[in-house]
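Colleague: Sequence:
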Amino acid sequence: MSIKALLAGFAAIGLGFAGTPAEGMMEGYQRPPQTQVRCRATGAKLFVPAMTPEAICARFSAAVAAGLASGESVSVDLKFLPNGVATAVVTRTRAGKASAPVEVNLAVSDRGFGVRDVDRLAANVATALRKGP
656 MSIKALLAGF AAIGLGFAGT PAEGMMEGYQ RPPQTQVRCR ATGAKLFVPA
706 MTPEAICARF SAAVAAGLAS GESVSVDLKF LPNGVATAVV TRTRAGKASA
756 PVEVNLAVSD RGFGVRDVDR LAANVATALR KGP
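Position in the sequence shown (first residue = 1) + 655 = our numbering.
Just so you know, not all the hints are guaranteed correct.
[To be verified] List time: in silico BS3-like cross-link candidates among lysine-lysine, alpha-carbon distance up to 30 angstroms:
#, residue 1, residue 2
1, 734, 786
2, 786, 752
3, 734, 752
4, 752, 700
[Stated by the list, open to error] Now the in silico label distances, taken between C-beta atoms and shown as ranges:
#, residue 1, residue 2, range
5, 762, 689, 30 to 36 angstroms
6, 787, 766, 27 to 33 angstroms
7, 709, 751, 25 to 31 angstroms
8, 707, 786, 28 to 34 angstroms
9, 756, 717, 17 to 23 angstroms
10, 740, 787, 19 to 25 angstroms
11, 693, 782, 18 to 24 angstroms
12, 787, 765, 17 to 23 angstroms
13, 775, 693, 18 to 24 angstroms
14, 722, 760, 17 to 23 angstroms
For the record, the hints were derived by calculation from the structure and aren't laboratory data. Because the structure is a prediction, the values reported are computed rather than measured. Using N, Cα and C, we set each Cβ at its ideal position, and we do this for glycine too.
Make the full structure from the sequences, and use the hints.
Modeller: Next up, the structure:
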């Protein structure tokens, strides 16, 4: 059997499965809407010990996502500034409609930012989202 014929056979098998429900799923089943946190962080170089923007966002997002309702999403812009102020600008989306951005701040004095500051900022954002519209 040639490689071309073998590949054609695999393609036919693959096409046979296209459009069929995955094992354990019922036809017509729709997944419930997922929560989502989109995050961008700047100022990571101010962290002691060092953290990457991705690590900051992963930690922040996990804490905030836990408090979101099914289908809700938030977009967060995190800024860690040299003057010791951290800012989170948060926009929540529910049922396809975005709310007005909410700004949450956290100040630290005479030290670099750390993991606990990410946790505190995330907790403050989660509180603001619970209270918000």
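Colleague: Going through the numbered hints above, which ones does this structure break? Give me the numbers in ascending order.
Modeller: 4 and 12
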